[in-house]
Amino acid sequence: MNLNIKAAKQTTYDAIVVGSGISGGWAAKELTEKGLKVVMLERGRDIKHITDYKTATLAPWEFEHRGRVTTIAKEQYWAGIRTGYTANEEHRYLFENDKENMYDETRRFDWIRAYHVGGRSLLWGRQSYRLNPVDFEANAKDGIAVDWPIRYSDIAPWYDYVEKFAGISGAKDGLDVLPDGNYLPPMQMNCVEKQIKGEVEKKFAGRHMIMGRAAHLTQPQAFHTELGRAACQFRNMCMRGCPYGAYFSTQSATLPAAQRTGNLTLVPDSIVSEVIYDDKAGKVTGVRVINQNTLETKEYYAKIIFMNASAIASASILMNSKSKRFPNGLGNESDQLGRNIMDHHLAVGARGDVDGFEDKYYFGRRANGIYIPRYRNWGDDKRDYIRGFGYQGGASRESWGRGVGTEGFGADFKKSLSEPGGWNMNIQGFGEMIADEKNRFTLHPTKKDKWGLPIVVFDAAYGENERKMRVDMMNDAAEMLEAAGVKNVQPYIDDSKAPGIGIHEMGTARMGNDPKTSVLNKHNQIWGAENVYVTDGAFMTSASCVNPSLTYMAMTARAADHAVKELKKMNV
Amino acid sequence: MKRRDALGRVALLMGGTLSAPTMLAFLEGCKPATETSSALTFPFSADRKALVAEVAEIIIPKTDTPGAKDAKVGEFIEKMLKDCYEAKDQEGFNKGLEELEKKDFLKAKPEQQTAILKELEKAATTEMAAAVQEKKNYTEAGKEYTDASVPFFRLVKELTLLGYFTSEPGATLALDYVPVPGRYDGCTDYKPGQKAWAM
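Taken in sequence, the protein lines are chains A and B. Take the first sequence: its letter number 106 is residue 106 in our numbering, and every next letter is one higher. For our numbering, count along the second sequence from 1 and bump the result up by 1000.
None of these hints come from the bench; they were simulated from the model. Here the structure is a predicted model, which is why all the values come from computation and not from measurement. By construction, the Cβ of each residue, glycine as well, lies at the ideal position given by its N, Cα and C atoms. Some clues are possibly wrong.
Beyond 12 Å from chain A on every Cβ pair, some chain B residues (computed) [said to hold, decoys possible]:
{"no.": "1", "residue": "I1059"}
{"no.": "2", "residue": "K1079"}
{"no.": "3", "residue": "K1082"}
{"no.": "4", "residue": "E1091"}
{"no.": "5", "residue": "G1096"}
{"no.": "6", "residue": "E1101"}
{"no.": "7", "residue": "L1106"}
{"no.": "8", "residue": "K1122"}
{"no.": "9", "residue": "T1125"}
{"no.": "10", "residue": "N1137"}
{"no.": "11", "residue": "G1142"}
{"no.": "12", "residue": "D1189"}
{"no.": "13", "residue": "K1191"}
{"no.": "14", "residue": "Q1194"}
{"no.": "15", "residue": "K1195"}
{"no.": "16", "residue": "A1198"}
In silico DSBU-like pairs for lysine-lysine, Cα to Cα no more than 35 Å straight-line [to be verified]:
{"no.": "17", "chain 1": "B", "residue 1": "K1122", "chain 2": "A", "residue 2": "K487"}
{"no.": "18", "chain 1": "A", "residue 1": "K283", "chain 2": "A", "residue 2": "K468"}
{"no.": "19", "chain 1": "B", "residue 1": "K1136", "chain 2": "A", "residue 2": "K360"}
{"no.": "20", "chain 1": "A", "residue 1": "K468", "chain 2": "B", "residue 2": "K1122"}
{"no.": "21", "chain 1": "A", "residue 1": "K54", "chain 2": "B", "residue 2": "K1136"}
{"no.": "22", "chain 1": "B", "residue 1": "K1195", "chain 2": "A", "residue 2": "K415"}
{"no.": "23", "chain 1": "A", "residue 1": "K164", "chain 2": "A", "residue 2": "K448"}
{"no.": "24", "chain 1": "A", "residue 1": "K99", "chain 2": "B", "residue 2": "K1095"}
{"no.": "25", "chain 1": "A", "residue 1": "K565", "chain 2": "A", "residue 2": "K37"}
{"no.": "26", "chain 1": "A", "residue 1": "K9", "chain 2": "A", "residue 2": "K303"}
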């Protein structure tokens, strides 16, 4: 008995953070900085900053297959292969083997996972945009899904706060559709991008081409360098892990900040199987974990719990957490848990050649591009679909790769490929996917993974609204490039892709005003289990068309602030 | 506006910066070769190693910079075929090698060798155009199309370029390799003859 009490004491903290990715890192940082003793549980292995980025400094010829995917890897990474890049040799070690981490598909979903300390914060695209005021009102205006329980003004100060710490490079462009933030100097456009920007803005009122806002330190501040972070070196090898700590990740930023407080305990290899709701106590008391290597189980206890395992994983843990009070899963009285899966739809746009500028080139590899913010269904524009899309892209000179598609070989051919080719420009759309409760995942009734946990079964697809929007995404792209003087414009649309491909899973435990139609309240607390906060992509009530990670950071910081205040008031 | 009908001229391009559609063969749509029914045997015989190395060297010869042989492109092609390609592409490659062996390629004069490869390149282009048309026909008819194997010359050329330009001699001597640029200048002057950045 005494032993048990002692054991329980050893695994009792003020707060538990489930997951160590973009949002988990923020939860750990905020809670520890506010003085709480925190344990951060990560299902995967530990990855130490710099020393464990095993491919970060390799030259192209040091990769056995020069980065390409082997047939064995194709079989193992059957979902990862669908993106066309995540299973590549340079960074495959940071993504999951899908064969060992099975999931099922009633309707296809491309689930791209990274189970290790830092999660996908080591792998994200780093584009960092704020949602705008209209994004938070859109569901209410359109009469779909449920209304956001918060407005832009609730989150704006938190955007300011996280942008500053994370270090986002970008320009203040003064656009309603894309609120400005707290930025480090923007990266540069190249000659061709500047030219096309001028033409597009001249020919299309209300459309803008701006420099991408990216989580890279272009001019590190003292509070960045204190954590060991340095300026971007323009190698563009970010997905291998950045030895300079130049882009925002858990390892480079939030983890060292949390660790220096002395209040953080990081426990890798710990798969959270369920959140414990104690029916006698009438509240959540902790979580149960399975060691991923030894299969040993253990319990951790705390006053507050932050769910940051990523949208699908957090919601599946909650589904697996059954009690008398919550027989269908923690916080699932609305039956909305696992529903309303959203992503951003892409793989549609246009590219073309740019004449002239043969006497211009660039130096360095910019891990960023241009951005064309949403202009559809904005202001006076009205379409036969709701919401909108933005474009990401850029111009560059062609590499030796062009030789594969052109006839010829021999000395002259080799010489020509040793020099840069012509310029081309590509823009790809990123569209908003609207919430539909039929887009969902469930837990398989019988099939279990190697840790004995039920596997996830997806049943999701793009709807009519996304399909209509995609036509504009393609046509507008071609139209803009042609108007800007781009030659041989080739529109493209790949409708073979499925939700998930944007790797922006959202919405499986949405926020709302009503416990009957949502899982979380306006502070990201689970209705009826208010000491549990969900602040990864699961909380998103609508998707906007901008990349979501910055919003997860801001919402996490806001929720952590709320949690600590409530704790002090003894409300949770 | 006519442009609203962009779909009529859609090219299935992804990633934007890759100019070579067959590069996609590396990334997508390939089913793993679970059966070991390959017509190729690994490792290649000494004769075959020499043949593959020679073809690569003709595509990327030694000039004032190293050639395919210096960059060990022959060995690279063999490795890639073994590890990264499914049986049907290996078989297509085997057929191409057999054809060259029949023509006694290694003993032919340089002009003859060039002529043979030119012919193969033409055949590959025709074959690929036919495959695109066939795929279009199938798709329009609502039938499922299984991608044809990559023609021999296209495959050997693609692997030669990849193997060469990402090799140490290729990347650092035929191209300009800067491992850590340290900055980004968007608009620099390009001087005629300046080499392209390796990455």
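Hint check:
Remark: the non-interface label on B/I1059 conflicts with the geometry, its nearest Cβ contact in chain A lying 4 Å away (cut-off 12 Å). The Cβ of B/K1079 sits about 7 Å from the closest Cβ of chain A, inside the 12 Å cut-off, so the non-interface label is violated. Distance to chain A contradicts B/K1082 as a non-interface residue, since its nearest Cβ pair spans about 9 Å, not more than 12 Å. At roughly 14 Å, the least C-beta separation between B/E1091 and chain A is larger than 12 Å, which holds for a residue marked as non-interface.
For B/G1096, the condition that its CB be more than 12 Å from all CB atoms of chain A holds, with the nearest at approximately 15 Å. The beta carbon of B/E1101 sits about 20 Å from the closest Cβ of chain A, which is more than 12 Å, so the claim that it is off the interface holds. Here B/L1106 stays apart from chain A, with its beta-carbon at least about 17 Å from theirs, past the 12 Å limit. The claim that B/K1122 lies off the interface is violated: its Cβ sits roughly 8 Å from the closest Cβ of chain A, which falls inside the 12 Å cut-off.
Residue-level check failed: B/T1125 sits 7 Å from the nearest beta carbon of chain A, not beyond 12 Å. No beta-carbon of chain A comes within 12 Å of the beta-carbon of B/N1137; the shortest separation is about 18 Å. Residue-level check passed: B/G1142 sits 14 Å from the nearest beta carbon of chain A, beyond 12 Å. A beta-carbon of chain A is positioned within 12 Å of the beta-carbon of B/D1189; the least distance is around 6 Å.
Separation of B/K1191 from chain A is inadequate, the least Cβ-Cβ distance of about 8 Å not exceeding the 12 Å criterion. Not every CB of chain A lies more than 12 Å from the CB of B/Q1194, the least distance being 7 Å, so the non-interface label is violated. Against chain A, the non-interface label of B/K1195 is violated: not every CB pair exceeds 12 Å, the least being about 5 Å. Not every CB of chain A is more than 12 Å from the CB of B/A1198 (nearest about 7 Å), against its label as outside the interface.
Only pairs whose Cα atoms come within 35 Å are accepted, and B/K1122 paired with A/K487 is accepted, the gap being roughly 27 Å. For the given pair, A/K283 sits about 46 Å from A/K468 by alpha-carbon distance, which is inconsistent with the 35 Å threshold. Proximity of B/K1136 to A/K360 is assessed by CA-CA distance (about 39 Å); at most 35 Å being required, the pair is judged violated. For a cut-off of 35 Å, the pair hint linking A/K468 to B/K1122 is broken: about 41 Å separates their Cα positions.
With a C-alpha separation of about 43 Å, the suggested pair A/K54 and B/K1136 falls outside the 35 Å cut-off, and the hint is violated. Distance restraint check for B/K1195 and A/K415: the Cα-Cα separation of roughly 9 Å lies within the 35 Å cut-off, and the hinted pair is therefore satisfied. With a C-alpha separation of about 43 Å, the suggested pairing of A/K164 with A/K448 is violated against the 35 Å cut-off. With a C-alpha separation of about 34 Å, the suggested pairing of A/K99 with B/K1095 holds against the 35 Å cut-off.
For the hint linking A/K565 to A/K37, the alpha-carbon distance of about 15 Å falls within 35 Å, and the restraint holds. Of the supplied pair hints, the one linking A/K9 and A/K303 holds, its CA atoms being roughly 13 Å apart against a limit of 35 Å.
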